[in-house]
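As given, the protein sequences belong to chains A and B, one line each in that order. The first sequence: position 65 = 65 (the numbering used here), numbered continuously. Just so we're on the same page, the numbering used here is the position in the second sequence counted from 1, plus 459.
By construction, these hints were calculated from the structure, which means they are not laboratory data. One should not assume that every hint holds.
Stretch-level coverage of chain A by chain B, calculated; a stretch enters the list once three of its residues show a Cβ under 8 Å from a Cβ in chain B [stated by the list, open to error]: (1) 142-156; (2) 233-243.
Here are some chain A residues pointing at chain B (derived, C-beta under 8 Å) [unchecked claim]: (3) Pro-198; (4) Met-202; (5) Val-206; (6) Gln-207; (7) Gln-211; (8) Met-214; (9) Gly-217; (10) Arg-218.
Lysine-lysine pairs mimicking BS3-like chemistry, simulated, CA-CA at most 30 Å apart [as the list claims (entries may be wrong)]: (11) A/Lys-195 <-> A/Lys-223; (12) A/Lys-195 <-> A/Lys-165; (13) A/Lys-245 <-> A/Lys-331; (14) A/Lys-220 <-> A/Lys-195; (15) A/Lys-331 <-> A/Lys-165; (16) A/Lys-165 <-> A/Lys-220; (17) A/Lys-245 <-> A/Lys-165; (18) B/Lys-520 <-> A/Lys-224; (19) A/Lys-418 <-> A/Lys-406; (20) A/Lys-245 <-> B/Lys-515; (21) A/Lys-165 <-> B/Lys-515; (22) A/Lys-195 <-> B/Lys-515.
Ideal placement from N, C-alpha and C gives every residue a C-beta, glycine not left out.
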Amino acid sequence: MPRDPASYRDPAGHVHLIGRKVYRSILPPGVEQYTTARNSGFLDLATRSGRLIEGREVAPAVLGDEAPGAVHVLEHPRIEFISYPYCWSFGGLQAAGLLTLDLHLDALEHGLTLSDASAYNVQFLGPRPIFIDYLSLIRYEEGQVWLGYRQFCEHFLNPLLLTAKTGVAFQPWFRGTLDGIPAADLGAVLPFRTKLNPLIAMHVVVQGRMQRSMTAGRTKAAKKIRLSRTALMNNLRSMRGLVEKLTPPSSQLTPWQRYEQTAHYTTEERAAKARFVGEVIRASGAQTVWDLGCNSGEYSEIALGSGATSVIGFEPDPGALNAAYQRATTKGLNFLPLSLDLTNPSPALGWRQRERMGLAERRNADLVLCLALLHHLVLGRNLPLGEVLDWLLTLAPRGVIEFVPKEDPMAAQLIIWKPNVAPDYDRDTVARMLRERACIEREEIVTASGRMLFAYSRP
Amino acid sequence: MRNRVPVTVSGFVLAVALGLALTPSTAQAQYLDPGAGSIIVQAVLAVIVGVTAGVKLYWGKISAFLSRRSKSSGVR
Numbered sequence: 001m002p003r004d005p006a007s008y009r010d011p012a013g014h015v016h017l018i019g020r021k022v023y024r025s026i027l028p029p030g031v032e033q034y035t036t037a038r039n040s041g042f043l044d045l046a047t048r049s050g051r052l053i054e055g056r057e058v059a060p061a062v063l064g065d066e067a068p069g070a071v072h073v074l075e076h077p078r079i080e081f082i083s084y085p086y087c088w089s090f091g092g093l094q095a096a097g098l099l100t101l102d103l104h105l106d107a108l109e110h111g112l113t114l115s116d117a118s119a120y121n122v123q124f125l126g127p128r129p130i131f132i133d134y135l136s137l138i139r140y141e142e143g144q145v146w147l148g149y150r151q152f153c154e155h156f157l158n159p160l161l162l163t164a165k166t167g168v169a170f171q172p173w174f175r176g177t178l179d180g181i182p183a184a185d186l187g188a189v190l191p192f193r194t195k196l197n198p199l200i201a202m203h204v205v206v207q208g209r210m211q212r213s214m215t216a217g218r219t220k221a222a223k224k225i226r227l228s229r230t231a232l233m234n235n236l237r238s239m240r241g242l243v244e245k246l247t248p249p250s251s252q253l254t255p256w257q258r259y260e261q262t263a264h265y266t267t268e269e270r271a272a273k274a275r276f277v278g279e280v281i282r283a284s285g286a287q288t289v290w291d292l293g294c295n296s297g298e299y300s301e302i303a304l305g306s307g308a309t310s311v312i313g314f315e316p317d318p319g320a321l322n323a324a325y326q327r328a329t330t331k332g333l334n335f336l337p338l339s340l341d342l343t344n345p346s347p348a349l350g351w352r353q354r355e356r357m358g359l360a361e362r363r364n365a366d367l368v369l370c371l372a373l374l375h376h377l378v379l380g381r382n383l384p385l386g387e388v389l390d391w392l393l394t395l396a397p398r399g400v401i402e403f404v405p406k407e408d409p410m411a412a413q414l415i416i417w418k419p420n421v422a423p424d425y426d427r428d429t430v431a432r433m434l435r436e437r438a439c440i441e442r443e444e445i446v447t448a449s450g451r452m453l454f455a456y457s458r459p
Numbered sequence: 460m461r462n463r464v465p466v467t468v469s470g471f472v473l474a475v476a477l478g479l480a481l482t483p484s485t486a487q488a489q490y491l492d493p494g495a496g497s498i499i500v501q502a503v504l505a506v507i508v509g510v511t512a513g514v515k516l517y518w519g520k521i522s523a524f525l526s527r528r529s530k531s532s533g534v535r
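Bound conformation, chain A alone (with noise of 0.2 Å):
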């Protein structure tokens, strides 16, 4: 399906992915905008501080029959693993709000406005956010108000405001609605104290009362409001401010954060887990690499420094996955850490199930790690064991697979009240079902616990 489906919206113009290329068509409504927004040269300004993803334009007939209409046709670098809003950090999030605030200020002082803010324009290269919506740029008008202003604060503000002000995880509700959190719907759950904030006041109890009562001659009215541009400039750096000092709440600082801290290794037995990581992706050549419940991304890290070129963690606590998209912006990463609980993984959702895809379309795994999870899958969540393993070897050809006891500590709190659950679980049967689906290459064990480590190869 060449078009990309996501893109059916616009009129202006379409995505289409012909084999490993992407390619914008610019249709005729789309032209006057697109070669304003060229010629205004912040396309290539945007392009070169990298907040922009890069669009070289190509001959129109690259596509063929696939945009018969296209005047123009842009050819963009292909972004290897596409995220959603409701799967990013709250860190993530963060960033790509700003992102599309600094875009849009420095739009403006080139003769430009961004007609949306949806947070699907904006995509992540490791843990930097990337805008990649061209046609969301638009001639500024004087006058003109921003158009976008709701979806920021639904797609942004508001998802921000609810972690940041009530402690609860933002991406299951945006993932329900796929178009944010309105701004009616935070106002009934914030506390008191927090809508003492002038702008928080403004921003989501006086829109969300302006929203519902709204009237047909209150709605002619707003169609004539004007700003000037210095004000829009300023309500933009206003929101900036705001959405800047957001910080996760304290209530997602939980134990998983302090994992690498708190785990049950000595420092030899660590120094052991790593080397095997490591050893196993430099030998596999692995180039990306996806680490399931990656946690603060220790194990993420160390398979970057042992020579694979992109990591893509997942992890379902709020609080490691803020401590792991840390580790990445501050020490440079090319690792993408994302909210995922693994037993309920995102699914294709939207228009006809096919706007936004679901994680399985999304495989592009050399090789998986799924370090200290099986028993979390197998004894925290009664998934069986064969399933499991069925199931790892779906989502890339190679992998790294923790075998954790019963008898560890961290595991056996998990059957403490089930201490019957998979009565076969246990090092031998891994051992053997692994190898009835796979090809183990290396197995050592690890700890005096007896965790064992299995990395193996599909057939």
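Position chain B against the provided structure of chain A, taking the given hints into account.
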């Protein structure tokens, strides 16, 4: 950085905030419904942000003026 924030707020925004006369907008909606209520909020926000920035900018001058006065009265 704070000093760079321009303080001009169009008189029109003030007019909107006060519910006075309006002129037609040139804004061309794309495919997004901006929400009429949200547009009104933007206008009110512009007034609040503008006035706050104005006060912050001029506060330095006002306090400098006041401190000069109190200094000179101290000399006297």
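Hint check results:
1. 142-156: holds (count 11)
2. 233-243: holds (count 5)
3. Pro-198: holds (7 Å)
4. Met-202: holds (5 Å)
5. Val-206: The hint holds - A/Val-206 has a Cβ within 8 Å of chain B, the shortest such distance being about 6 Å.
6. Gln-207: holds (5 Å)
7. Gln-211: holds (4 Å)
8. Met-214: With Cβ-Cβ at 5 Å, under 8 Å, it holds.
9. Gly-217: violated (10 Å)
10. Arg-218: holds (6 Å)
11. A/Lys-195 <-> A/Lys-223: holds (28 Å)
12. A/Lys-195 <-> A/Lys-165: holds (10 Å)
13. A/Lys-245 <-> A/Lys-331: The given pair, whose Cα atoms are some 22 Å apart, holds under the 30 Å limit.
14. A/Lys-220 <-> A/Lys-195: Holds, at about 29 Å.
15. A/Lys-331 <-> A/Lys-165: Between A/Lys-331 and A/Lys-165 the Cα gap is close to 28 Å, so the pair holds against 30 Å.
16. A/Lys-165 <-> A/Lys-220: Violated. A/Lys-165 to A/Lys-220 sits at ~35 Å, over the 30 Å cutoff.
17. A/Lys-245 <-> A/Lys-165: holds (12 Å)
18. B/Lys-520 <-> A/Lys-224: Violated: B/Lys-520 and A/Lys-224 sit about 36 Å apart, past 30 Å.
19. A/Lys-418 <-> A/Lys-406: Holds, at about 12 Å.
20. A/Lys-245 <-> B/Lys-515: Between A/Lys-245 and B/Lys-515 the Cα gap is close to 19 Å, so the pair holds against 30 Å.
21. A/Lys-165 <-> B/Lys-515: Holds: A/Lys-165 and B/Lys-515 sit about 27 Å apart, inside 30 Å.
22. A/Lys-195 <-> B/Lys-515: holds (23 Å)
Comparing the model with each numbered hint stated earlier shows that hints 9, 16 and 18 do not hold.
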